[in-house]
Each structure stands twice: as structure tokens, then as C-alpha cells.
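Residue numbers (full-length UniProt numbering), protein chains in the order written: chain A, 1 to 289; chain B, 1 to 289.
No lab work stands behind these hints: they were computed from the structure. Just to be clear, a hint being listed does not mean it is correct.
[To be verified] Listed next, the stretches of chain B that the computed footprint assigns to chain A, with coverage defined by at least 3 CB atoms under 8 Å from CB atoms of chain A:
no. : segment
1   : 208-221
2   : 250-257
[As the list claims (entries may be wrong)] Calculated cross-link-like contacts (lysine to aspartate or glutamate; reagent style EDC-like; alpha-carbon spacing at most 16 Å):
no. : chain 1 : residue 1 : chain 2 : residue 2
3   : B       : LYS195    : A       : ASP251
4   : A       : LYS256    : B       : GLU288
5   : B       : LYS256    : A       : ASP70
6   : A       : LYS81     : A       : GLU102
7   : A       : LYS210    : B       : GLU219
8   : A       : LYS223    : A       : ASP237
9   : B       : LYS276    : B       : ASP251
10  : A       : LYS241    : A       : GLU55
11  : A       : LYS88     : A       : GLU131
12  : A       : LYS23     : A       : GLU36
13  : B       : LYS89     : B       : GLU58
14  : A       : LYS229    : A       : GLU288
15  : B       : LYS223    : B       : ASP251
16  : B       : LYS223    : B       : GLU248
17  : B       : LYS88     : B       : ASP70
18  : B       : LYS88     : B       : GLU102
19  : A       : LYS195    : B       : ASP251
20  : A       : LYS276    : A       : ASP237
21  : B       : LYS256    : A       : GLU288
22  : A       : LYS256    : B       : ASP61
23  : A       : LYS241    : A       : ASP269
24  : A       : LYS241    : A       : ASP70
25  : B       : LYS210    : A       : GLU248
26  : A       : LYS88     : A       : ASP70
[Stated by the list, open to error] DEER-style ranges, computed between Cβ atoms:
no. : chain 1 : residue 1 : chain 2 : residue 2 : range
27  : B       : GLU102    : A       : GLY244    : 40 to 46 Å
28  : A       : PRO258    : B       : GLY90     : 49 to 55 Å
29  : B       : PRO258    : A       : LYS229    : 52 to 58 Å
30  : A       : LYS210    : B       : LEU262    : 55 to 61 Å
Backbone N, C-alpha and C define an ideal beta-carbon position, used for all residues, glycine too.
Single-letter residue listing:
Protein chains: 2
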Amino acid sequence: MASVAFLGLGVMGYPMAGHLKNKGGHDVTVYNRTTEKAQKWAAQHGGAFAPTPAEAAEGKDFVFACVGNDDDLREVTTGAKGAFSSMKKGAIFIDNTTASAEVARELDAAAKAGGFHFLDAPVSGGQAGAENGILTVMVGGEQDAFERARPVIDSFARMVGLMGPAGAGQLTKMINQICIAGLVQGLAEGIHFGKQAGLDIEKVVDVISKGAAGSWQMENRHKTMNAGKYDFGFAVDWMRKDLGICLEEADRNGAKLPVTALVDQFYKDVQGMGGKRWDTSSLLARLEK
Amino acid sequence: MASVAFLGLGVMGYPMAGHLKNKGGHDVTVYNRTTEKAQKWAAQHGGAFAPTPAEAAEGKDFVFACVGNDDDLREVTTGAKGAFSSMKKGAIFIDNTTASAEVARELDAAAKAGGFHFLDAPVSGGQAGAENGILTVMVGGEQDAFERARPVIDSFARMVGLMGPAGAGQLTKMINQICIAGLVQGLAEGIHFGKQAGLDIEKVVDVISKGAAGSWQMENRHKTMNAGKYDFGFAVDWMRKDLGICLEEADRNGAKLPVTALVDQFYKDVQGMGGKRWDTSSLLARLEK
């Protein structure tokens, strides 16, 4: 049992902090920008809440964060009243935000200077994965800190992997999103074509999903796509944030991502159709427009 | 045990005809444009060969074809010395060629006029699937003819589905190829990005392949892609033929396939790099160029 802080109680963070408390059995203090949600969490789970990241993090063995983007992350770490001002020597900061590799490296350096550790540890598995405590966690950082943090991370994860040095967790998450972008657009084009051709999509998927065209997305999303229901998973606004991070990093490392860039623009179209909160499979709605 | 003819002994047809003879136990007569290959097949499998499609098909219960394209298919069916001139009343012609839905409907009408049946039945699973007799077969046509042909088709198939009326088998195969086009490009961009970022691709795939980015292609092709080996599967020339069929049909049925059309052009680039016989995952080679 460790002393833990969790910063950021969004749709992901709220249940993740809950698993640290209930499944992991840890002593958890939470912080959230709007204090009401932190109070609600503390009342529900019997934990503590703090009014600032610095107060939440003080004296803790592990400090987790799951916030919106690079700027939010800088605010809760190196900002005024940020957690980095009060981290205990030797403690570990574990960032579950999907953010840039750059901010991960920057915070890793700041943590080293402060005598504690930083792990970038973005997750995949969505809200359902967070609620069920079965997320995949892609970690960047040093082996020793990873080994110490792993049993704690396990409270909300099904798969935890050390991918390389600081930033490698974020880079792995980017690959995940790049693969999904092309894959979902291909699937959307296939289903769109099948509907135009008058085929029974269920029957088609039944026959082709076990072969070379098969994917998690085909198995798990074809029914809602065929029904035109786009409220079942990761939202377009968040996907655009993630793809923006991928495309910026590609500018830096020289990778060419033509379809990823195109699909990012397609998601922009979906936003324009009122689909900011539709799920990523709504690329089909754009084709049908 | 039925009397069967098989027209076209390419990398797919040769082993498929073999399974009809050896696994199905049928009486098989083969035809091939270059007679030497038909003689070789007959010597190897103890079957018969005929010098023309008409002579091969005469009096047979089931006549299969697996040839290159629409024109080849017309030649062996309604062309001079084509099989349709000698088909027995009530017999069934099963076309395993990947062809247009248009030619399927045209040959279905011609077969009806001649008093026999036509099934369009393109396959997926590639050369390995043909050699191991575990193809997926997507069938268009009438229920009765399908039911009669199915046990014979089973000789080389793991999954056989009736997708709808004449042409529906071809349309289903098109959906399969459309899904693969976007998916493989997304995967190629992901692996390309990962290599540029200096990540261990094996480790990345190990972590992300079970989640929302996972696919048959990721599981089965990432190793050869990462190694830059593109001699492991369906060739670029054939994929371009198939995507051409998809794009033409989409022009007819009004489906919009922006990424499929783009990936078709990417494969054109790969052909220009000398990759006509490379496999479809060579989209990665184009990104790395």
C-alpha cells in the first residue's frame, strides 16, 4: 500500500483514481480543477482531496496525472502551485495524459533536477477500459522507476509496457492513433460502399472479418456504424487533439503521414457537421453526407 | 463425387483444382491457356486435361474458373470455344476470379438463357489459403445453385457465404479490398513513424495489437514490414487490378472512396519503384523512399 495522488478527474481519471483506491488498496488524495468533482470523488471513495496539485502531491510516493493537453499538464506540474514544487525526493510522477513526446522529455528533465522520477504513461482502451480497470499503458522512462510504479499502475491496467526512454510512451500512443486513423477510414469506405451496393453489412462482416481485412474496429464498431450510431467511444474532438500531436511529431522526426493528415481533415469536416462529440467511426457519416 | 472442370491453373487455380480432386474426391478435368501446365497438373494429380474450355466443360456438373480479369473470363465462357457453348442443362458455373459485378451479372444472364446456373465466387486468403485449402469464398447467385455447389466448393474453402444475388460475391470481395487498402496504409504510416522515432516495433506491436488499433495485417505482416521484406503475399499488380474494379463500381453506385483512390495511386508509385510483384504491405517502402 502506497501513498498516491491523482490529478485530473475527467472521464478517464475519475475511475482510474477509483481503482487505485479500491482495487489497489492505496491511500489516494485527489485534485481536480473544479473542486466539486474532487469532493464528490472523495465522498464516494473515502479518499482525501486537496485544493492544489502541490498540496495533493506533497509527501506522496506516486503522483498520477490525467489532464487535457500539454498546457494543462505543465500547469499541474511546473506551474504555480504545481506538483513538482512539492514532490518528495525519490517519488515517481506518472503522467497518463496523451501529450507530446516533447513535454514528456521536458518534464523528465525537470523531475531529474528535482530529485524525483517522471514516467510518461498514456493509456488506450477508452472510457470503458478506464471504468473496468483494463487499460493498456504505454510507458516511457527509466527501468527502475518503471519497475517500482508497475504494481501501482496495474490497479487500472490489463497491459503495461516499458517502451523506451522518456517520451517513448507518448510515441507509442501516437503509433496507435496513426494506425486507427487509416484503419477506420478504410472500414468506413468499405461499409459505405457496401450500403451503396445494397449488401447486408452484417453478413459481409461475418464473412470477411476473420481474414486479411479483419480488425478490432471491424469486429467492435461495424454494428453501430451500420446503424449510424456514433456515441460509442472516443470523441472526434479528442482524436483531432491526438492526431495534431502525431502530425507535429512527424514534422520533427521526418515521418510522412499522408493518410493520417487527410483523415485529420476529414475529422475536421465531421466537427463542422456537429460531430465534435461523435465517436471516431463517424467518418462514415461524412461519406454519407 | 461429381464431374468437375477447372479453367485456369494460376497460383490460385492450380492448388484449388488439386483440392477438388484430392480432398473433394471429384473427377476433375482441367484447362489452361498454356497446355503444358494443364498436362503437368493432370500428370501430378491423375486427372484429365482438355485443349479448350468448351471441351473441358462438356457434360460436367460443375465448372470452375479462376482467371486473370473480366476479359479473360469472357474468353473462357462466352468466347469462341468457351465453356458456355457446351455447358450441360442444370449444371453450375462457379467463377472464382476477382472480377467486376457487371461481368458477373452479364454471365448470370447468359447462363440462365443457356439453361444452366452461374455463381460469382471470388476468394480471399491468397496463395497460402489456396494451397492449404482454407480460402474464404464470397458467393453471389441463387440459393438453390449455391446449396448444390457448396459441398464442392468446400473442398478448398474454410468459409463459404452466400452474399446475395448475382454480383454480390464480387461486391463483397470489393469491400474486403477497400478495407485492406486504408488499413495497410495506416499500418505502414504507423510503422514508418515508429521507425523514424527510434522505437522497437516488435515491442510496440506487442502492446497495441490487442486493442483498438489491432488488425490481422498488424499481427501477420508487421514483422516482414519492419524487416522490409515484401515478398510475402498478394502482389501490388493484382491489388491495383482489384482496386480499379472497386473504383469503377463506386463510380456506378455513388460511393465515395477518397483513401482507397489515394492508396491506389500509392500502389502505382510502388509499381514505379520496381515493386509490381512486391506484396501489398510495400506501401511502407514508398513512405521510406
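Evaluated hints:
| no. | hint | in the structure |
| --- | --- | --- |
| 1 | 208-221 | holds (count 11) |
| 2 | 250-257 | holds (count 6) |
| 3 | B:LYS195 / A:ASP251 | 14 Å, holds |
| 4 | A:LYS256 / B:GLU288 | 8 Å, holds |
| 5 | B:LYS256 / A:ASP70 | 36 Å, violated |
| 6 | A:LYS81 / A:GLU102 | 22 Å, violated |
| 7 | A:LYS210 / B:GLU219 | 12 Å, holds |
| 8 | A:LYS223 / A:ASP237 | 22 Å, violated |
| 9 | B:LYS276 / B:ASP251 | 26 Å, violated |
| 10 | A:LYS241 / A:GLU55 | 29 Å, violated |
| 11 | A:LYS88 / A:GLU131 | 30 Å, violated |
| 12 | A:LYS23 / A:GLU36 | 24 Å, violated |
| 13 | B:LYS89 / B:GLU58 | 10 Å, holds |
| 14 | A:LYS229 / A:GLU288 | 13 Å, holds |
| 15 | B:LYS223 / B:ASP251 | 36 Å, violated |
| 16 | B:LYS223 / B:GLU248 | 33 Å, violated |
| 17 | B:LYS88 / B:ASP70 | 23 Å, violated |
| 18 | B:LYS88 / B:GLU102 | 24 Å, violated |
| 19 | A:LYS195 / B:ASP251 | 14 Å, holds |
| 20 | A:LYS276 / A:ASP237 | 5 Å, holds |
| 21 | B:LYS256 / A:GLU288 | 8 Å, holds |
| 22 | A:LYS256 / B:ASP61 | 54 Å, violated |
| 23 | A:LYS241 / A:ASP269 | 14 Å, holds |
| 24 | A:LYS241 / A:ASP70 | 10 Å, holds |
| 25 | B:LYS210 / A:GLU248 | 26 Å, violated |
| 26 | A:LYS88 / A:ASP70 | 23 Å, violated |
| 27 | B:GLU102 / A:GLY244: 40 to 46 Å | 43 Å, holds |
| 28 | A:PRO258 / B:GLY90: 49 to 55 Å | 53 Å, holds |
| 29 | B:PRO258 / A:LYS229: 52 to 58 Å | 23 Å, violated |
| 30 | A:LYS210 / B:LEU262: 55 to 61 Å | 27 Å, violated |
Comparing the model with each earlier hint shows violations of hints 5, 6, 8, 9, 10, 11, 12, 15, 16, 17, 18, 22, 25, 26, 29 and 30; every other hint is respected.
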